[in-house]
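Chemist: Sequence:
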Amino acid sequence: MIVKASGKGSSAVGRAPDFLKGVFAAVTTPFDDDGQVSIDNFERNIKMWLVSPLHGFVVLGSTGEFVHLDYDEKLRVMEAAVRAAEERPVIVGTGAPSTREAVALSAAAAQLGAKAVLVVTPYYFGPTLDDRALIKHYLTVAESVDVPVILYSYPRLTGVSLSVEAVVELAGHPNIAGIKDTSDDLARLARLAAETPPDFAVLTGSAHLLYAGLQAGAAGAILAVAGVAPWECCEIYDLWRQGKHEEAAALQRRLDVVERLIRRHGIGGLKGLMRMVGYYGGAPRPPLRAVDEEDLDAMRAALKEVRMLGC
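Counting from 1, position 151 in the sequence shown corresponds to residue 296 in my numbering; the numbering is continuous, with no gaps.
Think of the hints as simulated: they come from the structure by calculation, not from any bench.
Predicted model, so just to flag it, every value in this text is computed and none were measured.
Hints are not guaranteed to be accurate.
In the SDA-like style, the derived pairs of lysine to any residue whose C-alpha atoms are separated by at most 20 angstroms in a straight line are [to be verified]:
hint	residue 1	residue 2
1	166	420
2	449	422
3	260	304
4	449	382
5	166	364
6	260	420
7	281	232
8	449	420
9	192	281
10	192	246
11	281	311
12	281	229
13	260	311
Label pairs and their computed distance ranges (CB to CB) [claimed, not checked]:
hint	residue 1	residue 2	range
14	387	180	17 to 27 angstroms
15	273	389	25 to 35 angstroms
16	272	409	27 to 37 angstroms
17	221	433	28 to 38 angstroms
18	449	411	36 to 46 angstroms
19	232	420	22 to 32 angstroms
20	442	232	31 to 41 angstroms
We treat Cβ as the ideally placed atom computed from N, Cα and C, and that holds for glycine.
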């Protein structure tokens, strides 16, 4: 049973707002040649994305290398994102190994103008984090802020999976508005959509499940690939809404090629693709590495075969 909320989150928001639908770009954090956060290039990228039909932006998530940024850097990125995004909603990643830090980051994001916070599961003491511990963690965060909280399960990177049962319980809290699920499991995504309330936003984080996830009941997606293919990602969403399923599925197959390249080469590959199509990419922070020219040539060849990203 979920204890009735008594803090800030108990009455300030209430269920998923309308903006938690559609395609959100999971935004990279650009660094300059000295490895410092480049706010100018960060804002430039967002301004370029504003030309696209993206429904919003997610900053300081996995794609944003949040684990590589210190607290002050995160605050600067939050502030810049809200400023640059104009009227588009900005969701800020505020996950942390400790509940205390997640609460502090979430409060800061809310104060700086975030529309919602995205809270990844704590990711260090994985084997001892059972459902009871995770539920308590998320309830504490949800009670601490006046903006919607979005759960985030990414077991491939964190080693922690938020069970469907835990999500269903947490979905009963009025300030927990949805989940980003990057489990790569379509059956799980369908269960989440079926077993949570209709106004709880289930968002896939797996680009290859964009079309299939929408078919299974997802409200939308938060995707790294949307940073290099925003028009294509949004077109799949629009085609699905229009009932043009064959066209949506065909475009999905082409998008899958881009996603596979990003998975193979990681954040460095994504940033290389960004540079290829006109955004600022730069290098990721070590120990992640940038792709070399040989990698980029191979990516161009793969993209050319499916006529993606102007190749």
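Chemist: Would you mind marking each hint as holding or not holding in the structure?
Modeler: Evaluation of the provided hints:
1. 166 <-> 420: The hint is violated at about 28 angstroms.
2. 449 <-> 422: holds, 13 angstroms
3. 260 <-> 304: Status violated; Cα separation ~28 angstroms.
4. 449 <-> 382: Between residue 449 and residue 382 the Cα gap is close to 23 angstroms, so the pair fails against 20 angstroms, i.e. violated.
5. 166 <-> 364: Holds - the C-alpha atoms of residue 364 and residue 166 are around 5 angstroms apart, at most 20 angstroms.
6. 260 <-> 420: violated, 29 angstroms
7. 281 <-> 232: Given pair residue 281, residue 232 is violated - Cα atoms ~33 angstroms apart, limit 20 angstroms.
8. 449 <-> 420: Measuring from Cα to Cα gives roughly 16 angstroms; hence the hint holds.
9. 192 <-> 281: violated, 38 angstroms
10. 192 <-> 246: violated, 30 angstroms
11. 281 <-> 311: holds, 10 angstroms
12. 281 <-> 229: violated, 34 angstroms
13. 260 <-> 311: With Cα atoms ~24 angstroms apart, residue 260 and residue 311 exceed 20 angstroms; violated.
14. 387 <-> 180: 17 to 27 angstroms: The hinted range 17 to 27 angstroms is violated for residue 387 and residue 180, with Cβ atoms some 45 angstroms apart.
15. 273 <-> 389: 25 to 35 angstroms: violated, 47 angstroms
16. 272 <-> 409: 27 to 37 angstroms: Given range 27 to 37 angstroms: holds, Cβ gap about 29 angstroms.
17. 221 <-> 433: 28 to 38 angstroms: violated, 20 angstroms
18. 449 <-> 411: 36 to 46 angstroms: violated, 22 angstroms
19. 232 <-> 420: 22 to 32 angstroms: Given about 28 angstroms between the Cβ atoms, the range holds.
20. 442 <-> 232: 31 to 41 angstroms: holds, 39 angstroms
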